[in-house]
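**Q** Sequence:
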Amino acid sequence: MTASLATPLVPTSPFGPDAIPFAHTCAGAPEEAARQLADHLLSCRPSGVLFFCSAEYDLDALGQALERHFGGVPLCGCTTAGELTTQGYARGGVVAIGFPDRDFAFAHAVIDDLDNVSLPAAQTLVDTLLGECQAARVAPLKGHSFAVTLLDGLSASEEQVLATLNAALAGIPHFGGSAGDDKLAGTHVYGGGRFHSAAAAVVMLTTRLDFEVFSTHHLRPRSEKLVVTAVDRERRRVLELNAEPAALEYARLVGVPVEALDAEVFARHPLAVKLNERSYVRAIQRVNPDHSLSFYCAVENGIVLTAMASTPLLDGLEVCLETLAERLGEPGLVIGCDCCLRRLEVSQDGLLPQARVLLSRHRVVGFNTYGEHCDGLHLNQTFTGVYLGRPPRTRPGEQA
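Take the sequence shown: its position 104, counted from the start at 1, is 104 in this note's numbering, and no numbers get skipped.
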């Protein structure tokens with residue numbers, strides 16, 4: 001990365017008794033980025049820090065610098081396909097959230113073997129994390145805990161891992177995202193002092209604050225259908241749609257030459273599977289030389305994919321956040337996992353300035369993903385996250 005060592009910390013809202021602190025740096029040098037984040041967040045006495053960083057960093061150097069500057073504070077995070085900040089969509093930096101120890105207990109763990117995640121092992125992991133949170137005595141566990149899941153976005157393991165973790169969580173809400181990058185080349189999660197590939201990180205948070213895990217999208221079904229008639233399930237690759245080469249049939253549906261298929265077309269013309277009267281997008285990742293299509297989510301032989309149409313993306317997100325505000329009050333922070341294809345659509349439509357206003361008004365930070373997670377489901381083209389209410393201005397034993 002080439003940004004100057006003198007790159008300043010991006011201005012953030014001052015934090016106090018009614019805010020949850022975060023910071024965003026665009027410093028290119030890992031040492032400077034880590035120093036800026038620690039200088040801003042350590043004063044809140046964090047029980048843990050959650051961060052999202054560009055994959056363009058020297059990740060080993062960044063991890064080592066973060067560990068040095070945060071001095072033993074637990075750290076967990078992942079690489080991104082872009083960062084969400086209250087200054088809008090960003091790229092090439094790090095955004096980090098400090099969870100004050102007076103309001104949050106924080107525990108995390110890494111799963112290194114995604115191919116062999118058993119329910120007993122997941123249950124042991126969840127019980128251990130809950131035990132660590134309970135020991136902090138911030139709040140009762142029941143009704144006050146939620147989990148964050150981060151997975152290697154190129155591992156193709158989300159469905160199995162999330163379903164197993166969801167069973168072990170036994171009703172504890174969770175959300176998260178699949179780590180991204182800019183090139184579909186290498187994605188990583190961070191925990192236990194280093195970055196990992198082919199791995200998952202799980203964070204458990206117990207808080208005295210009001211919160212709600214949510215997921216929203218801006219797509220509606222059209223009438224056109226495509227049937228998956230041949231698939232490479234393990235590689236999430238659809239070989240045929242309607243008994244025709246998949247890329248050719250999809251190109252026919254959307255009305256462009258197969259040579260024109262790219263991420264912009266995929267963002268504009270998603271496909272979805274319908275389950276229990278709800279539509280779940282199966283986003284296309286790329287066209288392969290054999291005219292098969294690789295997907296970000298699991299695909300099965302025989303499923304029916306429905307063509308989807310966009311509605312105003314930012315309008316839908318604003319309605320969702322305003323509705324949450326009516327229930328929970330003004331946000332202390334919204335942590336968001338926003339699909340990389342949604343970011344692409346916002347950019348295509350020239351809506352980046354409006355997105356900046358919306359993210360700032362609702363105190364949204366987070367990252368652009370290669371897939372979103374919500375209560376055991378792996379999703380595409382959604383905005384999924386947690387809405388955290390503001391801490392009370394006074395607490396028992398404190399004076400106003």
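Calculated from the structure, these hints are not laboratory results.
What you are looking at is a predicted structure, and each value in this text was computed from that prediction instead of being measured.
Some hints could be false.
Label-pair distances were calculated between CB atoms; the ranges are [as the list claims (entries may be wrong)]:
id, residue 1, residue 2, range
1, 123, 212, 23 to 29 Å
2, 118, 229, 42 to 48 Å
3, 121, 45, 31 to 37 Å
4, 361, 116, 42 to 48 Å
For glycine and all other residues, C-beta sits at the position ideal for the given N, C-alpha and C.
**Q** Next step is simple, just say for each hint if it's right about the structure.
**A** Verification of the hints:
no.: 1; hint: 123 / 212: 23 to 29 Å; result: 25 Å, holds
no.: 2; hint: 118 / 229: 42 to 48 Å; result: 33 Å, violated
no.: 3; hint: 121 / 45: 31 to 37 Å; result: 33 Å, holds
no.: 4; hint: 361 / 116: 42 to 48 Å; result: 44 Å, holds
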